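From first to last, the protein sequence lines are chains B and U.
Its first residue numbered 14, the first sequence is counted upward by one per residue in the numbering used here.
Its first residue numbered 14, the second sequence is counted upward by one per residue in the numbering used here.
FYI, nobody ran anything at the bench for these hints, they're computed from the structure.
Since the structure is predicted, the reported quantities are computational estimates derived from the model, not experimental observations.
A couple of the hints might just be wrong.
It does not matter which identical chain is meant; a pair holds if it fits inside one copy or across any two.
[Claimed, not checked] Mimicking DSS-like on lysine-lysine, the simulated pairs with C-alpha atoms at most 25 Å apart in a straight line are:
| # | residue 1 | residue 2 |
| --- | --- | --- |
| 1 | Lys19 | Lys237 |
| 2 | Lys181 | Lys200 |
| 3 | Lys79 | Lys31 |
| 4 | Lys79 | Lys28 |
There are 2 protein chains.
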Amino acid sequence: MAFTTKATIASFGGKLYKLTHDSPTTGTPMAVNLYLPQCFSPQKKPAPLLIYLSGLTCTPDNCSEKGFLQHRASALGLAILYPDTSPRGLNLPNETASWDFGAGAGFYLDATAPPWNKNYRMASYITQDLPSTLFSDAEFGPYLAGPDKVAITGHSMGGHGALTLYLKNPGLYQSVSAFAPIANPGKCPWGEKAFSGYFGGGEGEREGVWKRHDATELVKGWKKEDRGDLKALVDVGTGDQFYKQGQLLPENLERAAEGAGVEGLTVRYQEGYDHSYYFMASFSDDHVNHAAKHLGLL
Amino acid sequence: MAFTTKATIASFGGKLYKLTHDSPTTGTPMAVNLYLPQCFSPQKKPAPLLIYLSGLTCTPDNCSEKGFLQHRASALGLAILYPDTSPRGLNLPNETASWDFGAGAGFYLDATAPPWNKNYRMASYITQDLPSTLFSDAEFGPYLAGPDKVAITGHSMGGHGALTLYLKNPGLYQSVSAFAPIANPGKCPWGEKAFSGYFGGGEGEREGVWKRHDATELVKGWKKEDRGDLKALVDVGTGDQFYKQGQLLPENLERAAEGAGVEGLTVRYQEGYDHSYYFMASFSDDHVNHAAKHLGLL
Chain B
14 MAFTTKATIA
24 SFGGKLYKLT
34 HDSPTTGTPM
44 AVNLYLPQCF
54 SPQKKPAPLL
64 IYLSGLTCTP
74 DNCSEKGFLQ
84 HRASALGLAI
94 LYPDTSPRGL
104 NLPNETASWD
114 FGAGAGFYLD
124 ATAPPWNKNY
134 RMASYITQDL
144 PSTLFSDAEF
154 GPYLAGPDKV
164 AITGHSMGGH
174 GALTLYLKNP
184 GLYQSVSAFA
194 PIANPGKCPW
204 GEKAFSGYFG
214 GGEGEREGVW
224 KRHDATELVK
234 GWKKEDRGDL
244 KALVDVGTGD
254 QFYKQGQLLP
264 ENLERAAEGA
274 GVEGLTVRYQ
284 EGYDHSYYFM
294 ASFSDDHVNH
304 AAKHLGLL
Chain U
14 MAFTTKATIA
24 SFGGKLYKLT
34 HDSPTTGTPM
44 AVNLYLPQCF
54 SPQKKPAPLL
64 IYLSGLTCTP
74 DNCSEKGFLQ
84 HRASALGLAI
94 LYPDTSPRGL
104 NLPNETASWD
114 FGAGAGFYLD
124 ATAPPWNKNY
134 RMASYITQDL
144 PSTLFSDAEF
154 GPYLAGPDKV
164 AITGHSMGGH
174 GALTLYLKNP
184 GLYQSVSAFA
194 PIANPGKCPW
204 GEKAFSGYFG
214 GGEGEREGVW
224 KRHDATELVK
234 GWKKEDRGDL
244 KALVDVGTGD
254 QFYKQGQLLP
264 ENLERAAEGA
274 GVEGLTVRYQ
284 EGYDHSYYFM
294 ASFSDDHVNH
304 AAKHLGLL
């Protein structure tokens, strides 16, 4: 499925492409932004890719405008992919009734409960459909180094997405980072609401499928002997209202990794920072550098 | 008149303060954002100030979120002031009927035509009221180097504001820069509409007060022997729709300066860039460096 280019915008020496494509995974058109850095071309060195997963309510545009990732990525020669946060426009019951469930709140999982299970399949979309479409695309594919050179990051719900997709798919991403991630969704109100809706909220689901989509549970199963240490950087602001409300729970992730003897997770608590893009942008350079290091650019 | 702090936000190692104060110049409450860089304190070295004037429709928040001036300013130790673009909430006839006149479109001049002349006095507000309030403020004043260490910049209508306030007030600002400025407002639709409304559109006004608020006319009167060369940097995107429509006219400014033998104006045409914050943010580092150089930080 080819991309349709809705806009091409010069940014920090490179180009931001606002794209749409028809996804067989979600059964809907999907919006996605692609940033190609300056000085790259198929004839020169193609660019590794950093996938950025956005938080609740966001479209591909929020971080493209406010995240500041392009600044450092362009200097280093890193491409960035900004997917949307859910399918849209399906008119499922209550799809747009909440800001933290349904449209704009896909949680980067494949739903199993109806009516969501047909289209809300963001895990498969992000890990398979979108990258295979992109890397095989006649226009954009040649600019990219390909599936062996991909890292992932995200903010809030997207931080949950980045951490869980990294932990569930060893080897798929060369590194992971997260800004203020929902690090233990099975134990916080946002995650409980989303998982109850997308998976069901019975005891069986809570002990089964919920734990397979929760970074704090998944990290316990990370096998160093197979996979090496984690390549994981997390930043959380100490002034973040959602951190204070117990929606993020990064300490649970830290304790789980420590308890399981899993190394390579760095969690930094940034004094006074909030949950917004002001926070995210302030540490964008660090997260781009983290990905670039594991993608061979630094 | 003291400031009321509506929010304090950590950003790039410093703090962004969302403020309001009662302005005797506009007769209204005025919103303004102040950014103080990291590592500065009254006991250490106080920070020079860069004033950023926003474009049509903007509030102090747009550039604070999307402009990325804070990134480089914080590293260099430069404070930034983001004023609003007009008084608001006066309920004057047609005050909010247009996006390019009235609220959000004050054009950084003191209106002479009723009903605007009482409150739409943004030139006096920006050059006198706001800085004197800020530098004498008990909380924020001590962090700032004061009135001898101020530079000015702006985008679109704010680029017009920065250029004209610099040219009309020699010595007040140590340098000026502009992103996609309305460089010859007397000759473009945006400027003709604004000047007709704020000053009147008769032949006398066009030959008089209009020319005293038009960078292309003002630059002809710049006296090198009194004031030295201009310290002026301008960037314009060649893909800017408003540039292509003849709203910006930077070539007129260049020709006027050249014709008058005025030196120190650098105008750069940036290939493919548009009029948006994507453009502005891409060259923020350059404009911060330009101000920092003339403020003694580089």
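Each hint tested on the structure:
no.: 1; hint: Lys19 x Lys237; result: neither (44 Å within a copy, 48 Å between copies)
no.: 2; hint: Lys181 x Lys200; result: within (19 Å within a copy, 61 Å between copies)
no.: 3; hint: Lys79 x Lys31; result: both (15 Å within a copy, 18 Å between copies)
no.: 4; hint: Lys79 x Lys28; result: both (16 Å within a copy, 17 Å between copies)
In terms of the numbered hints stated before, the structure departs from hint 1 and from no other.
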